[in-house]
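Q: Build the full structure now, drawing on both the sequences and the hints.
Residue numbers (this note's numbering), protein chains in the order written: chain A, 1 to 275; chain B, 1 to 275.
A couple of the hints might just be wrong.
As the list makes no split between identical chains, a pair holds if one copy fits it or if it spans any two.
DSSO-like mimics (lysine-lysine), calculated; alpha carbons at most 27 Å apart, straight line [said to hold, decoys possible]: (1) K18 / K116; (2) K177 / K8; (3) K56 / K275; (4) K18 / K8; (5) K95 / K78; (6) K8 / K56; (7) K56 / K268; (8) K268 / K95; (9) K177 / K18; (10) K235 / K8; (11) K95 / K110; (12) K77 / K207.
Just so you know, these hints were derived from the structure itself, not from any lab.
There are 2 protein chains.
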Amino acid sequence: MSIWFTEKQTQSFGITGKINQILENEKTEYQQLDMLETEQFGNMLLLDNMVMTTEKDEFVYHEMIAHVPLFTHPSPKKVLIVGGGDGGTVREVLKHSSVEKVTQVEIDNKVVEYSKKHLPHISSSFGDSRTELIIGDGFDHIIKSNNKYDVILVDSTEPVGPAAGLFTKGFYAGIAKALKEDGIFVAQTDNPWFKAELIRNAIRDTKEIFPIARLYTCNIPTYPSGMWTFTIGSKKYDPLDVDPNRISDINGQYYTPELHQASFVLPKFVQNLCK
Amino acid sequence: MSIWFTEKQTQSFGITGKINQILENEKTEYQQLDMLETEQFGNMLLLDNMVMTTEKDEFVYHEMIAHVPLFTHPSPKKVLIVGGGDGGTVREVLKHSSVEKVTQVEIDNKVVEYSKKHLPHISSSFGDSRTELIIGDGFDHIIKSNNKYDVILVDSTEPVGPAAGLFTKGFYAGIAKALKEDGIFVAQTDNPWFKAELIRNAIRDTKEIFPIARLYTCNIPTYPSGMWTFTIGSKKYDPLDVDPNRISDINGQYYTPELHQASFVLPKFVQNLCK
Numbered sequence: 001m002s003i004w005f006t007e008k009q010t011q012s013f014g015i016t017g018k019i020n021q022i023l024e025n026e027k028t029e030y031q032q033l034d035m036l037e038t039e040q041f042g043n044m045l046l047l048d049n050m051v052m053t054t055e056k057d058e059f060v061y062h063e064m065i066a067h068v069p070l071f072t073h074p075s076p077k078k079v080l081i082v083g084g085g086d087g088g089t090v091r092e093v094l095k096h097s098s099v100e101k102v103t104q105v106e107i108d109n110k111v112v113e114y115s116k117k118h119l120p121h122i123s124s125s126f127g128d129s130r131t132e133l134i135i136g137d138g139f140d141h142i143i144k145s146n147n148k149y150d151v152i153l154v155d156s157t158e159p160v161g162p163a164a165g166l167f168t169k170g171f172y173a174g175i176a177k178a179l180k181e182d183g184i185f186v187a188q189t190d191n192p193w194f195k196a197e198l199i200r201n202a203i204r205d206t207k208e209i210f211p212i213a214r215l216y217t218c219n220i221p222t223y224p225s226g227m228w229t230f231t232i233g234s235k236k237y238d239p240l241d242v243d244p245n246r247i248s249d250i251n252g253q254y255y256t257p258e259l260h261q262a263s264f265v266l267p268k269f270v271q272n273l274c275k
Numbered sequence: 001m002s003i004w005f006t007e008k009q010t011q012s013f014g015i016t017g018k019i020n021q022i023l024e025n026e027k028t029e030y031q032q033l034d035m036l037e038t039e040q041f042g043n044m045l046l047l048d049n050m051v052m053t054t055e056k057d058e059f060v061y062h063e064m065i066a067h068v069p070l071f072t073h074p075s076p077k078k079v080l081i082v083g084g085g086d087g088g089t090v091r092e093v094l095k096h097s098s099v100e101k102v103t104q105v106e107i108d109n110k111v112v113e114y115s116k117k118h119l120p121h122i123s124s125s126f127g128d129s130r131t132e133l134i135i136g137d138g139f140d141h142i143i144k145s146n147n148k149y150d151v152i153l154v155d156s157t158e159p160v161g162p163a164a165g166l167f168t169k170g171f172y173a174g175i176a177k178a179l180k181e182d183g184i185f186v187a188q189t190d191n192p193w194f195k196a197e198l199i200r201n202a203i204r205d206t207k208e209i210f211p212i213a214r215l216y217t218c219n220i221p222t223y224p225s226g227m228w229t230f231t232i233g234s235k236k237y238d239p240l241d242v243d244p245n246r247i248s249d250i251n252g253q254y255y256t257p258e259l260h261q262a263s264f265v266l267p268k269f270v271q272n273l274c275k
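A: Shown next, in the form of structure tokens:
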């Protein structure tokens, strides 16, 4: 007998994969949490039946959400991560020696707990002396923060369940207030094949609040369509103006100085979403 | 009741999608051919249970296999397509006004026949006065051709079934002989997540025969991993030296002059396959 999981990425399309065992299967206070041992991608975390991360391809998402904004800012010291309970984003942020403190606000303690247990290479940086983990609501934390952060990373789930409030114009305005006068934020903003309107709205709202607003992409095989987007909003520094020579080696598997620039070059149908 | 197809892209991972009906299901002389009407991607052609093309995302593959080499060559006149029986590649090639003749060698007449019937927007250029369609073996045609083509496009299936001979060093040597002294070829070379060795071999073999050998990528949601690669071999012209101002608008949805360059900027783990 062989057992396969299926994620319906839309009403009529999805991915399917062979699993060796179900490691966790729990309704937490906030969402459905599943941890699967898959044959192809190693251990896999799903929230509300959507793949969040896997051991084999997690490096793409985590390198790209962290290093693009952190190398855009000339000297990021205070960083906020909203969500990101698996720990991959904080792991990448800590590779930047300028960073003095990373505050992370994750709503669901169970995500942290099970990531520590089943995704040890992803969650390896929890407990680092430069990190502070707050179990709570990211939106509330942002509303209470003023002129505080150099970089804010919104490492959320899709806009259903607990993350629904994270894709609104009010949230982006709150982020702008929580950032310093030369601050930068980035948010994961799904894929252009199945969620064109989400991207159109995210980039439009970001443009209304930040002088610099740009979209960049990467390839994640376990995410819908394989193409993922991030929306970056910046008060001062343009990610396209970064001197490649200022980018140090982060010992990664995806991000490079050349890819930093190239990831902003969009296919025409994606460009059209940003007009 | 709802009916879903599944393509196993590896032994333990795949895609699945809802279908409205099975349009064709036939064992041809060369391969298993299925044409499905899918809910998400429109009509979909599968050969030997692998997705070849769909109405909704075909533009990516066809624009990227055609325009990158055809804009790299300053004046492509004679073009050969090996495979490509759905017609999408020839449709894109004919957008180049310099092209005088496109010879296409497709081994399986049934692919052409059913594409004309069920993929009319893809197969729209069969019968154009600049095209010659030969039903036959592409390898044989190349062996018999000397110093004949400006550009050769290998628009094949994966290296199983009738296309097995198309991923060998002997094939690349034959292509070099069939090309003129400043000729260019491109071949689809699968994805770096599940087929790393195939890419490593393709780029190594191409480097041994062509002075310029490069890999470029694009995003195709219905292909394994969502990231697809093409290997380009060129006797004289470097695809990275193309003047963007020489690239005219091809009225597409994916390819742009900026993306021409950016598609050659590889993630680090893909770069490593090319060393």
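Q: All hints, please: hold or fail.
A: Against the structure, the hints:
no.: 1; hint: K18 / K116; in the structure: within (23 Å within a copy, 36 Å between copies)
no.: 2; hint: K177 / K8; in the structure: neither (37 Å within a copy, 48 Å between copies)
no.: 3; hint: K56 / K275; in the structure: between (35 Å within a copy, 22 Å between copies)
no.: 4; hint: K18 / K8; in the structure: both (15 Å within a copy, 10 Å between copies)
no.: 5; hint: K95 / K78; in the structure: within (14 Å within a copy, 52 Å between copies)
no.: 6; hint: K8 / K56; in the structure: both (20 Å within a copy, 18 Å between copies)
no.: 7; hint: K56 / K268; in the structure: between (30 Å within a copy, 15 Å between copies)
no.: 8; hint: K268 / K95; in the structure: between (34 Å within a copy, 17 Å between copies)
no.: 9; hint: K177 / K18; in the structure: neither (45 Å within a copy, 45 Å between copies)
no.: 10; hint: K235 / K8; in the structure: neither (37 Å within a copy, 46 Å between copies)
no.: 11; hint: K95 / K110; in the structure: within (25 Å within a copy, 55 Å between copies)
no.: 12; hint: K77 / K207; in the structure: within (25 Å within a copy, 45 Å between copies)
Violated hints, in rising order: 2, 9, 10; the structure is consistent with all others.
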